[in-house]
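Q: Okay, here's what each chain looks like letter by letter:
2 protein chains.
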Amino acid sequence: MPCQRPANQPIFLGVVGDSAAGKSTLAGGIADILGRDRVAVLQADDYHRHSRAERRQLCLTPLAPEANHLDILEQHLCLLRRGQSVLKPVYDHTTGTLRPPERLEAKPFVIVEGLLPYHSRGMRDCFDVKVFVEPDESLRTAWKLARDCAQRGYSLDEAKDSMTRRAADAAAHIQPQRSFADIVLRFAPSADDNGHLNARHLLRPTLAHPDLGPVLDAGGKGGFHLALARDSDGKPVDMLDISGRIEPRRAKAVEDLLWSLIPEASHLRAPLGRFTDTDGQEAISHALALSQLLITYHLVKAASSLSPR
Amino acid sequence: MPCQRPANQPIFLGVVGDSAAGKSTLAGGIADILGRDRVAVLQADDYHRHSRAERRQLCLTPLAPEANHLDILEQHLCLLRRGQSVLKPVYDHTTGTLRPPERLEAKPFVIVEGLLPYHSRGMRDCFDVKVFVEPDESLRTAWKLARDCAQRGYSLDEAKDSMTRRAADAAAHIQPQRSFADIVLRFAPSADDNGHLNARHLLRPTLAHPDLGPVLDAGGKGGFHLALARDSDGKPVDMLDISGRIEPRRAKAVEDLLWSLIPEASHLRAPLGRFTDTDGQEAISHALALSQLLITYHLVKAASSLSPR
Numbered sequence: 003m004p005c006q007r008p009a010n011q012p013i014f015l016g017v018v019g020d021s022a023a024g025k026s027t028l029a030g031g032i033a034d035i036l037g038r039d040r041v042a043v044l045q046a047d048d049y050h051r052h053s054r055a056e057r058r059q060l061c062l063t064p065l066a067p068e069a070n071h072l073d074i075l076e077q078h079l080c081l082l083r084r085g086q087s088v089l090k091p092v093y094d095h096t097t098g099t100l101r102p103p104e105r106l107e108a109k110p111f112v113i114v115e116g117l118l119p120y121h122s123r124g125m126r127d128c129f130d131v132k133v134f135v136e137p138d139e140s141l142r143t144a145w146k147l148a149r150d151c152a153q154r155g156y157s158l159d160e161a162k163d164s165m166t167r168r169a170a171d172a173a174a175h176i177q178p179q180r181s182f183a184d185i186v187l188r189f190a191p192s193a194d195d196n197g198h199l200n201a202r203h204l205l206r207p208t209l210a211h212p213d214l215g216p217v218l219d220a221g222g223k224g225g226f227h228l229a230l231a232r233d234s235d236g237k238p239v240d241m242l243d244i245s246g247r248i249e250p251r252r253a254k255a256v257e258d259l260l261w262s263l264i265p266e267a268s269h270l271r272a273p274l275g276r277f278t279d280t281d282g283q284e285a286i287s288h289a290l291a292l293s294q295l296l297i298t299y300h301l302v303k304a305a306s307s308l309s310p311r
Numbered sequence: 003m004p005c006q007r008p009a010n011q012p013i014f015l016g017v018v019g020d021s022a023a024g025k026s027t028l029a030g031g032i033a034d035i036l037g038r039d040r041v042a043v044l045q046a047d048d049y050h051r052h053s054r055a056e057r058r059q060l061c062l063t064p065l066a067p068e069a070n071h072l073d074i075l076e077q078h079l080c081l082l083r084r085g086q087s088v089l090k091p092v093y094d095h096t097t098g099t100l101r102p103p104e105r106l107e108a109k110p111f112v113i114v115e116g117l118l119p120y121h122s123r124g125m126r127d128c129f130d131v132k133v134f135v136e137p138d139e140s141l142r143t144a145w146k147l148a149r150d151c152a153q154r155g156y157s158l159d160e161a162k163d164s165m166t167r168r169a170a171d172a173a174a175h176i177q178p179q180r181s182f183a184d185i186v187l188r189f190a191p192s193a194d195d196n197g198h199l200n201a202r203h204l205l206r207p208t209l210a211h212p213d214l215g216p217v218l219d220a221g222g223k224g225g226f227h228l229a230l231a232r233d234s235d236g237k238p239v240d241m242l243d244i245s246g247r248i249e250p251r252r253a254k255a256v257e258d259l260l261w262s263l264i265p266e267a268s269h270l271r272a273p274l275g276r277f278t279d280t281d282g283q284e285a286i287s288h289a290l291a292l293s294q295l296l297i298t299y300h301l302v303k304a305a306s307s308l309s310p311r
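Chains as they are written, first to last, in this note's numbering: chain U, 3 to 311; chain C, 3 to 311.
Chain U with its partners taken away, still in its complex shape (with noise of 0.2 Å):
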């Protein structure tokens, strides 16, 4: 089924990755910038096709392509992209069962965030802008312990075998997905390992990235750094480094060149960067912050394109 578009349809953003990559904390912050009621937020674990006991039993990982209803997903992007609501499945993530469907009406901007949501064609055609989280390692199976146990009601013991099954599924699956991004971004501890997490966006070709040269530091000290590089894969890409440490006077400078290049958003300025702590604290990171600030940009973008003139 070819996914037609209306004009003023859905704008699709998608954030794929590994489990516990960050996503929904980045997500969840692009939501708040545009606006709560303005953004439909689907979370593709909910197609998973077995309950947790039931994946323990067929000895699946929810990362095989064949414990979820992708052909179900793929359907129901078409539908929300042609403005349509659709009845959700529901996966239960503190009990690990399946519940009764939900309802999901279709919004100006839905977010997509998932294990496998760039594993078909069909699902790739349906999105605007592709993202790809890629923590460091150490700091994913750091977060992914602290969740499982604080809210998935798993014990450390299992939480750590559960990440050990995942591993080869996840280089056959998720990895894959990585190279049909348009933005992969990736948070590190800084060196000096000071809390605050450094961000490197690799922007791919695909999209028409911001000029930021207004606002670039040269010598790479100010913490908001350019660079041409080569990808993992040997392809050219541009490699925007953010400093965990960049000074807030830069930060808001950056912050401030993006809300002008979309006037059209400005009214939605709001505080950014907000996430939770290993410690369940609030803070904000700038690195955070201008990350869902420069995804923002590609979807205010892609929605002025498709109104009328």
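Just so you know, the hints here were simulated from the structure itself, not pulled from any lab data. There may be inaccurate statements among the hints.
Beta-carbon label-pair distances, calculated as ranges [claimed, not checked]:
#: 1; chain 1: U; residue 1: T143; chain 2: C; residue 2: D73; range: 39 to 45 Å
#: 2; chain 1: U; residue 1: A148; chain 2: C; residue 2: D159; range: 52 to 58 Å
#: 3; chain 1: U; residue 1: S234; chain 2: C; residue 2: D73; range: 41 to 47 Å
#: 4; chain 1: C; residue 1: D159; chain 2: U; residue 2: A170; range: 24 to 30 Å
#: 5; chain 1: U; residue 1: P67; chain 2: C; residue 2: A173; range: 47 to 53 Å
#: 6; chain 1: C; residue 1: A173; chain 2: U; residue 2: G85; range: 22 to 28 Å
#: 7; chain 1: U; residue 1: E266; chain 2: C; residue 2: D73; range: 51 to 57 Å
#: 8; chain 1: C; residue 1: S157; chain 2: U; residue 2: T97; range: 30 to 36 Å
#: 9; chain 1: U; residue 1: L60; chain 2: C; residue 2: C151; range: 38 to 44 Å
#: 10; chain 1: C; residue 1: A193; chain 2: U; residue 2: G85; range: 42 to 48 Å
Once the Cα atoms are required to be at most 30 Å apart in a straight line, the calculated BS3-like pairs of lysine-lysine come out as [unchecked claim]:
#: 11; chain 1: C; residue 1: K90; chain 2: U; residue 2: K109
#: 12; chain 1: U; residue 1: K90; chain 2: C; residue 2: K237
#: 13; chain 1: U; residue 1: K109; chain 2: U; residue 2: K90
#: 14; chain 1: U; residue 1: K223; chain 2: U; residue 2: K254
#: 15; chain 1: U; residue 1: K223; chain 2: U; residue 2: K90
#: 16; chain 1: C; residue 1: K303; chain 2: U; residue 2: K90
#: 17; chain 1: C; residue 1: K237; chain 2: C; residue 2: K223
#: 18; chain 1: C; residue 1: K303; chain 2: C; residue 2: K90
#: 19; chain 1: C; residue 1: K90; chain 2: C; residue 2: K109
One side of the interface only, derived from the structure: several residues of chain U facing chain C at Cβ under 8 Å [stated by the list, open to error]:
#: 20; residue: H71
#: 21; residue: D73
#: 22; residue: I74
#: 23; residue: Q77
#: 24; residue: L81
#: 25; residue: Q86
#: 26; residue: S87
#: 27; residue: P91
#: 28; residue: L100
#: 29; residue: R101
#: 30; residue: P103
#: 31; residue: L106
#: 32; residue: P110
Beta carbons are placed, not taken as given, at the ideal position from N, Cα and C, and that holds for glycine.
On the provided structure of chain U, position chain C as indicated by the hints.
A: What follows is chain C alone, placed relative to chain U:
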């Protein structure tokens, strides 16, 4: 969304009518003739929006359009018609609760039975053959009380109370769908109340009905009679009466005629007309058998007209 239809896509039969009108018995027999592996049966009750307890709180009956996800039902009919699978909601009649969704794969024939499938133009347009069942009210009352108490955990008083509460919604929402049917099927006790039900088919000119000339009885004594009549709305219809006491030899002749008119389906010949009587016993009715076969005739013809020549 227009329901486009490629060749060889499913043939759709609708079996619509009030609760306990005999929809499942009719539909099940037709699915048996066509072969269960070639038929997807979709029960529109699965699209109830609320559990039984929620409906009670909201003072809604399941017959109210707003008590159902009718837009999603329409969407799923369109998807099945294009040959796609759907993840359909599940309503558990034994407990009156919503359950996790289940896949329904498209098959060459799709039978949709329920209370409201002719409610919208979009749904009506999905059907090749639209049947409306309206048994004599005394029969329906007996069937409903028997079923609700035996299978759905109602007490007799609750079941009676439920029928009373539903009457207004039935008149407002179920009955008006009658006018969209190609065939209105009415079962009624025979005059001498010998336990055999008579079947009356109102045959609207919206379908090309088979030429039954060779097997009709002229005087009306043989139990298989066609007459020109006015429907309750004043419009002209063919009225086919099949007596519950039809002679087995004549029933066999009608059956042979109908099979001869659909030679492409002659391999499907099987015992017809099975039902469960009010004592819970398996029984056979010639009137039911011929009704099922008359409807099957239209489905097979519709499928033939789609096949590549």
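Q: Honestly, which of those hints from before does the structure not fit?
A: 4, 6, 7, 10, 12, 15, 16, 31 and 32
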